Structures are given as C-alpha cells and as structure tokens.
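Undergrad: As a plain string of letters, each chain reads:
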Amino acid sequence: MTAFPDFRSPRWAALSALLTTGVLLTACGSGAGGSGDDSGKPTSGGTLTFAVGSDAGCVDPQQVGSNESIYSVRQIVDSLTDQDPETGKIVPWLAKSWDINSDATQFTFHLRPGVTFSDGSKLTSQVVKDNFDAVPQLGALGTLAQGYLSSVKSTVAVDPLTVKVTFKEPNAQFLQATSTHSLGIESSASVQKTPQQKCSDGVVGTGPFVLKQYVQNQSITLAKRTGYDWGSSLWTKKGEAYLDKLVFKVVPEPGVRAGSLQSGQVDAISSVGKANEAALKGGQVTLLRRANPGVVFGLGINNSRPVLKDVKVRQAILAAVDRKQIADTVFPTGTQPATSVLAHTTPDYTDLSADLAFDAAKAKSLLDDAGWKAGSDGIRAKGGKKLSLVISWFPNAATNQPALELVQQQLKAVGIDVTLKQNQVSQFATTLQGGDFDLVWGNVTRADPDILRSSFSSKLANFYRLPASSLDTALSGQAATTDTAKRKQLVDEAQKLIVQNAYNVPVVELQTQLAVTKRVHGLAFDSGSRIQLHDTWIG
Amino acid sequence: MRRYVIKRLAQAVGVLWAAYTVSFLVLDFLPGDPVTAMAGAGMDSGDVHPARLAALRHEYGFDKPILVQYADYLGRAVRGDFGDAVSTGRPVTSTLADALPQTLQLTGAALLLAVLLGGGLAVVATYTSLRWLRQLLLSLPPLGVSVPTFWVGLLLVEAFSFRLHWFPAFGNDGLRDLVLPALTLAIPTGALVAQVLAKSLLTALDQAYVETARAKGAGRWRVHVRHALRNASLPALTVVGLLVGQLVAGSVVVETVFSRDGLGRVTAAAVTVQDLPVVQGVVVFGALIFVATNLVVDLVYPLLDPRIVVASGGRASFA
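Respectively, the protein sequence lines represent chains A and B.
Throughout the first sequence, residue numbering follows the UniProt record's numbering, covering 1 to 539 in sequence.
Throughout the second sequence, residue numbering follows the UniProt record's numbering, covering 1 to 319 in sequence.
Honestly, I wouldn't trust all of these hints.
[Said to hold, decoys possible] Distance ranges between label pairs, derived from CB positions:
{"id": "1", "chain 1": "B", "residue 1": "A292", "chain 2": "A", "residue 2": "P42", "range": "42 to 52 Å"}
{"id": "2", "chain 1": "B", "residue 1": "L164", "chain 2": "A", "residue 2": "Q137", "range": "51 to 61 Å"}
{"id": "3", "chain 1": "B", "residue 1": "R163", "chain 2": "A", "residue 2": "K89", "range": "40 to 50 Å"}
{"id": "4", "chain 1": "B", "residue 1": "H58", "chain 2": "A", "residue 2": "P42", "range": "49 to 59 Å"}
Bear in mind the hints are in silico, worked out from the structure with no lab data behind them.
The model shown is predicted, which means the values in this text are computed figures rather than measured ones.
The beta-carbon is built from N, C-alpha and C at its ideal position, and this holds for glycine as well.
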C-alpha cells in the first residue's frame with residue numbers, strides 16, 4: 001500500500017484553494033453570529049444540503065466528538081437544558097425548571113409534559129434515568145459524556161416528570177453538561193442497544209429532525225419531525241422546524257467542498273480554512289464564524305520539568321509569543337489572539353490581554369533575571385546547559401505546523417531554542433499521561449469554565465504537572481457553588497492565577513468557520529459553536 | 001503444469017502470510033492503539049481517564065503480549081474472521097464487502113479506460129509517420145505517470161464540475177458520478193500501459209517477421225495491428241498484473257478527492273484511527289487480489305504465446 005497524502009496539510013489546502021479560486025466577484029459577506037440578513041418572510045419546506053469533511057462512523061449523539069458529525073446528529077436529540085450562546089446562561093428545553101442544592105451535588109430536573117420520541121414513546125423521568133445510567137457503559141467513544149457524569153452516585157426517578165441526579169462531590173458543571181449533545185436524551189429502546197448498534201443504526205430522539213438514512217462515509221439524511229412542539233426556549237420559531245429534509249454529504253477535500261458550494265451543488269459547508277476563503281469571496285456566499293469556547297489553542301507546559309519549574313522562564317515564554325502575528329498569518333480571517341486561557345465565548349471569561357501582550361524586551365529581561373545568558377549563537381545557556389525546549393504536536397489541524405513554526409521563530413528571537421516534534425494524533429492521550437513532553441500544543445472545546453478544573457487542577461489527572469496551590473482552591477470552589485456571581489469571581493481568579501503564573505501559554509482562539517449560500521437563513525451557532533437547524537430556512 | 005499451479009498457489013499463500021505479518025508488526029510498532037486514538041480524537045481530551053482507557057484496552061485485548069495478539073488474530077484470520085472494526089464494531093469482512101463493489105466499479109472502469117486510451121495512444125504514436133505527432137504522443141505517457149493523481153483529480157473537478165457543471169463533484173450513484181474519478185485514476189495507469197506498449201511495439205516493428213509480412217505484401221496497418229501488436233501486447237499484459245496494485249493504491253486518493261465510498265476511503269479512515277483489524281483486513285485483501293491477478297496473468301501466458309511453456313522447475317519461461 002502506498003502512502004497517501006495528508007489532505008489536511010497546508011500544502012494541499014493551498015493547492016486546492018489555488019484551483020478553486022474561480023469566481024471573480026468582489027463583494028464578500030460575513031456574519032458574526034448567524035447567517036446574515038434574515039429579512040424576508042421565512043418559508044417552510046425544502047432541503048438543505050450540507051457538505052462536511054468527515055464521518056466519525058457513528059450517528060449516536062452521545063458518542064460523537066467530532067464537530068463534523070455533531071452538526072447532523074445533534075438535530076436528532078433534545079437536551080434537558082439549552083445554553084444561550086450570548087450570555088452562557090442555562091435555559092429550559094426538555095426540563096422546564098430545575099433545582100440545585102447549595103453545594104452542587106444534587107440536581108433535580110422537572111420535565112416538560114407531553115414530549116414524545118419519534119417512535120411514539122413518552123419522555124419520562126425513567127427514560128432520563130435510563131440514559132444517564134447507560135452512559136458509563138458507552139465505551140471508548142463516550143468519553144465526553146462519561147466525563148460529565150464521572151462522579152455520579154445515583155439517578156432517581158422521583159415521579160414521572162421529576163428526575164434527581166446525585167453526585168459524590170460538588171459538580172457545578174453538570175448543569176451546563178445537560179445542555180450538550182453528549183447528554184442528549186434518547187428513547188429507552190435506543191439506550192438499551194449496545195454502543196456499537198447505536199453508532200451504526202442511529203438512535204431515536206425527541207429532536208426536531210429524525211434520522212432517515214445513514215450511509216457510512218457518504219451521507220446522513222434527516223427528515224423533519226412532524227408534530228414537534230418542545231423546542232428550546234432560545235429558538236425563534238415555535239413548533240416544527242422549517243426545513244423538510246437535511247442531507248449531510250461527506251466531502252473530505254476542502255477545495256471540493258468550497259467549489260461545490262460555489263457551483264451550487266450544496267447549500268452549506270463546514271471547516272472553511274484560510275486557504276479556501278479566497279475561493280468563497282463571492283456574492284452568493286456568507287461566511288459564518290464563531291470562536292470555540294473552552295481552553296484556547298496554546299502550549300501546555302510540563303510544569304515538573306526542571307527548566308520550566310522556574311516561573312520566570314514560563315513568563316518569558318508567555319511574553320515572547322506574538323499572538324496577533326500568529327492569528328493573522330496562519331488562522332482563518334477573524335481568528336482572535338488569546339486574551340485569557342479561556343476563549344472569549346466561554347461563560348465567565350476574563351479579559352487578561354494586558355498580561356498576554358507581546359513584549360520581547362520583557363521576555364529577555366526575565367530570562368536574564370533567571371540566569372539564562374545569551375551565548376554566541378544567540379541561544380541562552382545556564383551552567384553550560386542550553387535553553388532548549390521541545391514542543392510536541394499532533395497533525396490534527398492544518399494550522400498546527402505553521403503556527404508552531406512561528407512560535408519557534410518568536411522564541412528563538414529571545415534566545416530560546418525550540419525543536420518541533422510531530423507525533424501521531426493517536427499518541428495525544430498517551431503523551432499527556434506519560435508526561436514525556438516539555439510543551440504540548442492543543443486546545444479543549446467546552447462551553448463551561450469547569451474545563452479549567454479538568455485541565456489544571458492538581459487534584460485530577462494533572463497532565464500538566466502543576467504543583468498544589470491556591471489555584472486548586474479556586475477550581476474546586478467554582479465546582480461547588482451554584483451562586484453565579486461567586487462562581488464567576490472564582491473562575492476569574494483561576495484564569496488570573498493560570499496566566500500570571502504562566503502555567504499554560506495561551507496563543508489563539510480556535511474559530512469554527514462555515515460557509516452558506518445566500519439562500520440559507522437563520523443558521524445559528526449554539527453555545528458550543530456547533531449549529532442548530534430548527535430555525536434554518538431556505539428562501 | 002499441475003505441479004506448477006500447486007507451487008504457485010503455495011507461493012501465493014506465503015505472500016499473504018508475509019503481508020499479514022509485516023503489516024501486523026508495522027502497526028504494532030506505531031505508538032498508541034485504537035482506544036487512545038479514539039479518546040484523543042479532536043484533541044478534546046481534557047476528560048480522558050487513564051483508568052477507563054486501561055479498562056477499554058483490556059476489553060479489546062490490546063494489553064495482551066504482542067505474540068499472543070498475533071496468534072489470536074492470525075488464527076481467526078485463517079478462518080476468514082478478521083474480527084470487528086474497533087471504531088464501528090462491525091465485522092471487518094462486511095465492512096470490506098460493503099466497500100468493495102464501489103471500488104471494483106471505479107477500478108474496473110479506470111482499467112478499461114486505461115487500456116483503451118493507453119493502448120490507443122501507443123498504437124497511433126507508433127503508426128503515424130508524422131514525426132511531430134509521434135514525438136508529441138510519446139511525450140504524454142511520462143507526463144501522465146508523473147503528475148500527482150490528487151492534482152489531476154482537482155483539475156478535472158474544477159473544469160468539469162465547478163465550471164461546466166457536466167458532472168457532480170462528489171458521490172457514487174450511477175454512471176455520471178463515475179466519469180471523473182475513473183478518468184483521474186485511468187491517467188497514470190493508461191500512461192504506464194502506453195509507455196510499455198509503445199516501447200515493445202517499436203521493438204516488434206524491427207523484428208524480422210515484420211519485414212517478412214511486409215515482403216509478403218501485407219498492408220501497413222495490418223502488419224502493425226495483426227502482427228506487431230499481438231506480439232507486443234505480452235509485456236503490456238505483464239504490466240496489467242502490476243497495475244491492479246497501482247489502481248487499488250490510487251483509489252485511496254481518488255475516493256477521497258471525489259468523496260466516493262470504497263476500499264480506499266475505508267483504508268484511509270482505518271489508518272488514521274489505527275483501527276488494526278480493518279487495516280489488517282485491507283492489507284490481506286489487497287495482497288490476495290495482487291497475488292491472484294499475477295497468478296492468472298502467468299497462467300494465461302502459455303495460452304497467448306505458444307512459445308512459452310511451463311518448465312517442470314515451476315517457472316514459466318521461453319523454450
């Protein structure tokens with residue numbers, strides 16, 4: 001078998017962009033939150049054809065982690081709650097209300113009556129319990145859902161429409177977790193299937209669309225659920241969705257996706273990279289972009305490495321990185337440089353741009369103070385040892401390598417020698433677990449600030465080997481409070497501690513970029529920068 | 001002849017075993033395993049629990065000693081059971097069986113096009129007495145072999161789908177969807193056929209029997225096609241055995257560019273997530289096709305060319 005090219009590499013992307021730069025029109029539309037002008041009267045009916053880049057081989061919302069699959073399977077299920085992408089506030093969906101005890105260990109949801117699954121069965125507290133009870137058995141693909149429920153003690157159906165979830169320890173993030181696709185509610189019959197059956201056959205949900213056909217690596221077809229009447233409180237249209245049918249086509253090559261949109265073979269495409277933007281600058285296309293919430297793309301630091309134990313060295317790296325240059329050169333238009341360890345779309349985000357300003361002089365003086373003196377080759381050394389660091393990275397995004405090459409140059413300019421070490425994507429988890437890295441490039445998408453605790457608490461997996469500190473207190477504290485103001489203050493404190501101690505080097509926000517034709521209206525991002533298609537119409 | 005066939009079959013089994021073993025070792029040598037690959041998918045691994053991973057690895061048997069895993073897999077493979085795909089849980093054999101028709105359609109159409117276009121080009125190039133035309137035609141095959149399939153595919157999509165709207169850019173339902181991918185795959189393959197056939201045609205045209213035929217008054221076209229081409233097609237036939245391998249490998253790229261389902265896409269996906277059972281199945285299946293084609297080609301030789309006999313030593317050779 002001969003080697004096949006990595007189609008995600010910038011070389012191919014540039015090539016395909018070159019080839020698909022066809023239409024010479026000047027106007028370019030780009031909306032921030034949703035597909036632009038919603039003027040005109042919405043009309044029901046029609047089919048939306050959406051080209052995505054890959055197929056995860058699974059159509060169970062509880063088990064998929066890739067955005068490309070979430071776009072479609074998300075539409076099959078509803079969640080207990082929804083999250084306002086503007087404010088981060090949790091609002092009713094299948095649960096019309098909920099109570100949380102004071103230390104965030106007990107969550108009681110009051111379900112909306114009259115909700116049915118597309119197989120005709122009723123939504124009851126027992127169904128919700130069956131769902132949550134089955135999550136730990138989901139296997140390798142279910143790690144997202146399992147993480148949300150990891151410390152669950154019990155789920156009890158109190159009465160037909162009341163369900164109570166109890167945790168062994170405070171777990172404030174659970175409320176937001178109930179708004180995610182990973183904890184979307186499936187019918188009891190679906191939940192009883194094996195994870196693999198759910199993946200290949202799909203599941204029955206209460207959602208605005210129903211799975212009609214799944215052809216692996218080819219397409220996912222959904223049809224409108226007739227009689228749907230329990231949409232999220234965030235949606236503008238009441239009742240059924242506008243569109244009759246959704247067809248998701250798997251088109252792996254980004255240039256072919258862009259060309260198919262331009263030539264009208266599809267109505268919307270996902271994963272638009274910088275290389276394809278030029279091809280899409282036509283009057284008939286709108287680019288939609290939103291930053292992914294969660295931990296931004298950056299360098300995870302192995303804080304147990306002798307060189308990196310010195311806070312001054314870490315702070316020097318922080319100051320030596322010119323985030324704006326990286327965002328503007330490598331990433332899709334509109335990508336924001338990191339202004340905190342959290343992306344600005346994450347609830348309780350704090351703007352720390354002053355602490356993350358590019359300042360090469362400051363970086364140099366910090367390194368001088370730490371005893372690292374510049375040698376004849378420009379690389380600093382201390383006690384005969386050169387200041388050399390290795391950045392481990394994984395080819396899971398086309399932007400990784402060019403971004404890191406810039407980081408490498410920027411660090412070299414202040415006297416830090418950096419080697420880039422490419423690993424297999426499959427090695428990511430093992431690398432973090434094993435701790436055999438200096439710096440590692442990555443991000444985590446999550447629309448709840450508790451992601452800071454999963455990533456940086458020394459009491460959990462602690463992949464970045466942080467020492468026990470007051471940061472732990474802030475992180476545990478935010479997980480144990482239901483007082484939104486108090487939680488915000490603790491999350492704010494945690495972000496400051498992480499950035500000021502330079503436990504992590506935030507670099508850029510990951511931006512999701514889609515493109516749709518001008519016919520498509522009301523296609524909006526949800527809080528996780530994925531999409532809801534209930535309010536989408538074609539006109 | 002019977003001994004020869006038996007010996008060749010034994011060789012074929014040896015090749016299959018070697019393909020299986022080498023791919024197993026290579027995949028084992030790669031760090032990580034399918035379970036960690038899946039957990040690390042999308043880089044959102046903030047919530048990866050080491051204990052859970054260990055439990056899953058145990059469930060799939062990836063924690064067993066390598067020799068035990070090898071023996072397990074080989075034992076089942078011999079009985080035609082390649083296990084279940086880790087990423088989907090479906091049996092590997094049905095995963096491949098589902099993808100096979102699409103790939104057969106694509107490679108079959110490509111092979112047909114390759115032989116027609118490549119063969120036609122070789123015949124015309126060697127027949128024409130216009131020097132410039134001959135030079136032009138003979139310079140095409142090296143070009144066809146050297147341009148990347150990926151690029152050719154994108155060019156064709158750009159021209160015939162995005163601009164002219166003649167063919168769809170993706171999918172695999174029906175003949176219209178087949179045209180561009182088959183053409184893309186046929187270009188390097190046809191170029192190879194043309195190269196080999198043109199060269200052996202030129203050699204054949206220098207042979208004494210051609211002169212004899214001409215002296216007997218046969219027309220130029222008749223000499224070219226009936227006499228020279230028949231003799232010259234033997235080396236081209238040998239190449240067909242190799243082409244099958246090239247076509248299957250090329251389908252990885254073509255199926256990705258044209259978003260077609262098939263063995264190539266299955267392979268690409270399986271390699272990305274290190275889905276060992278699927279990769280093993282693909283390797284063995286690929287080797288099987290390759291071995292079978294070459295066996296058939298070898299056995300067909302004596303039928304086409306009576307000068308070839310099968311020696312008792314087990315090798316086909318010129319008598």
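Undergrad: Holds or violated: 40 to 50 Å for the Cβ distance of B:R163 and A:K89?
TA: Once the Cβ atoms are compared, 48 Å apart, the range 40 to 50 Å for A:K89 and B:R163 holds.
Undergrad: CB of B:A292 to CB of A:P42, is that within 42 to 52 Å?
TA: 58 Å, violated
Undergrad: Quick check on a hinted range of 49 to 59 Å for B:H58 and A:P42, using CB atoms only.
TA: Since the Cβ atoms of B:H58 and A:P42 sit about 53 Å apart, the hinted range of 49 to 59 Å holds.
Undergrad: Is 51 to 61 Å a correct range for the gap between the Cβ atoms of B:L164 and A:Q137?
TA: 52 Å, holds
In the structure shown, a violation is registered for the earlier hint numbered 1 alone.
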